Amino acid sequence: MIYRIIVTYKPVVSDPEGQVIKSALIKKGYKFIENVRVGKIFDITVNNRNDATDEIEKLSKEILVNPIVEEFTVEVLKENP
Amino acid sequence: MKVGIIVFPGSNCDSDCLYAFRDILDVQAFYIWHKDKDLKKADLIILPGGFSYGDYLKCGAIAKLSPVMDLVYSFAIKGGYVLGICNGFQILVEMGLLPGALLRNRDLKFICKNTFIKCVNNNTKFTSTIENKNILNIPIAHKAGNYFIDDKGLKDLYNNNQVVFKYCDSNGFIDEKSNPNGSKDNIAGITNQQGNVLGMMPHPERAIENLLGSEDGISICHSIIRSL
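Protein sequences appear in the order of chains A and B. Take 0 as the starting number for the first sequence in numbering that gives the first Met the number 0 and just add one per residue. Take 0 as the starting number for the second sequence in numbering that gives the first Met the number 0 and just add one per residue.
Everything labelled a hint here was simulated from the structure, so no lab data went into it. It is possible that part of the hints are untrue.
Once the Cα atoms are required to be at most 25 Å apart in a straight line, the calculated SDA-like pairs of lysine to any residue come out as [said to hold, decoys possible]:
| id | chain 1 | residue 1 | chain 2 | residue 2 |
| --- | --- | --- | --- | --- |
| 1 | B | Lys183 | A | Ile67 |
| 2 | B | Lys36 | A | Ile62 |
| 3 | A | Lys9 | B | Asn178 |
| 4 | B | Lys183 | A | Glu69 |
| 5 | B | Lys142 | A | Ala23 |
| 6 | B | Lys151 | A | Ala23 |
| 7 | A | Lys21 | B | Asp106 |
| 8 | A | Lys39 | B | Gly53 |
| 9 | B | Lys108 | A | Glu61 |
| 10 | A | Lys39 | B | Asp106 |
| 11 | A | Lys39 | B | Ser65 |
| 12 | B | Lys183 | A | Gly17 |
| 13 | B | Lys142 | A | Glu16 |
| 14 | B | Lys108 | A | Tyr8 |
| 15 | B | Lys183 | A | Val37 |
| 16 | B | Lys151 | A | Pro66 |
| 17 | B | Lys34 | A | Ile20 |
Part of the chain B face toward chain A, derived, beta carbon under 10 Å [what the hints assert, rightly or not]:
| id | residue |
| --- | --- |
| 18 | Ala100 |
| 19 | Leu107 |
| 20 | Ile110 |
| 21 | Lys124 |
For clarity, every value in this text was computed on a predicted model and none was experimentally measured. Note that the Cβ used here is the ideal one computed from N, Cα and C, for glycine as well.
This is chain A alone, in the form it adopts within the complex (with noise of 0.2 Å):
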């Protein structure tokens, strides 16, 4: 089973990396981008079990994101054959 953990910055922190994109992408001529936000994404491989969702979600908090700027999702990329 993968676990794929999506990770961004809170609405509410500065995201410097992704306001240089946008200007990038506008300068290129994508005068439609309106917004860009860049975030972080670990796949996340487990061993034969059941459903790990609760400690995945777990580690994220302990280990992976900061949760004073950053916000996750967890989904499913693969699930068991």
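Based on these hints, arrange chain B on the given structure of chain A.
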């Protein structure tokens, strides 16, 4: 007084800290490897600057999991003095010993230059001997020093007198122009509520003798020695 300097893989200001305390200030100072299980009776623990674990995941996020950090955490909770400089500040924030977070610099660049900081609270164990209008010339060297805290957290910091250093110009004037990295309210250093843990992005250990361009950092060390 004994000073223990924690060394992680990727620390690079550990020897500067040792030099400052042992060679300049004549204080007993030693390294503590991150896998050690003993703080060797240190009175002050320093988390030095550098790039612990290559800054992987988030700056300081892996270092906080090192075996010795459980001891550092208990030491701090019991009132032991802890000074986190640069990466050390990032580690303290990741550990939850200090509030807020350190984001990438506003301009996304690594900044290495001399800055002026103003001590806005002399009533701490780390700043009691600072003079000269409280303006210090101390270098910064970081890419993730943009201090962030939400509005409520900021209010709490001020209410508890936890804001200690702010970026300023050479006259001590604090404004956006003198803010090198986008830090909230120009904040360069804070303590915990109890006042025994200080985190700061500027490097006092790199401003320890005039040969290095400034000796303003030494007043922080003197303050600690006096408090202990």
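Now the hints, each set against the structure:
no.	hint	result
1	Lys183(B) - Ile67(A)	holds (14 Å)
2	Lys36(B) - Ile62(A)	holds (22 Å)
3	Lys9(A) - Asn178(B)	holds (23 Å)
4	Lys183(B) - Glu69(A)	holds (17 Å)
5	Lys142(B) - Ala23(A)	holds (22 Å)
6	Lys151(B) - Ala23(A)	violated (34 Å)
7	Lys21(A) - Asp106(B)	holds (14 Å)
8	Lys39(A) - Gly53(B)	holds (17 Å)
9	Lys108(B) - Glu61(A)	violated (28 Å)
10	Lys39(A) - Asp106(B)	holds (20 Å)
11	Lys39(A) - Ser65(B)	holds (24 Å)
12	Lys183(B) - Gly17(A)	holds (19 Å)
13	Lys142(B) - Glu16(A)	holds (13 Å)
14	Lys108(B) - Tyr8(A)	holds (19 Å)
15	Lys183(B) - Val37(A)	holds (21 Å)
16	Lys151(B) - Pro66(A)	holds (15 Å)
17	Lys34(B) - Ile20(A)	violated (41 Å)
18	Ala100	holds (5 Å)
19	Leu107	holds (5 Å)
20	Ile110	violated (13 Å)
21	Lys124	violated (26 Å)
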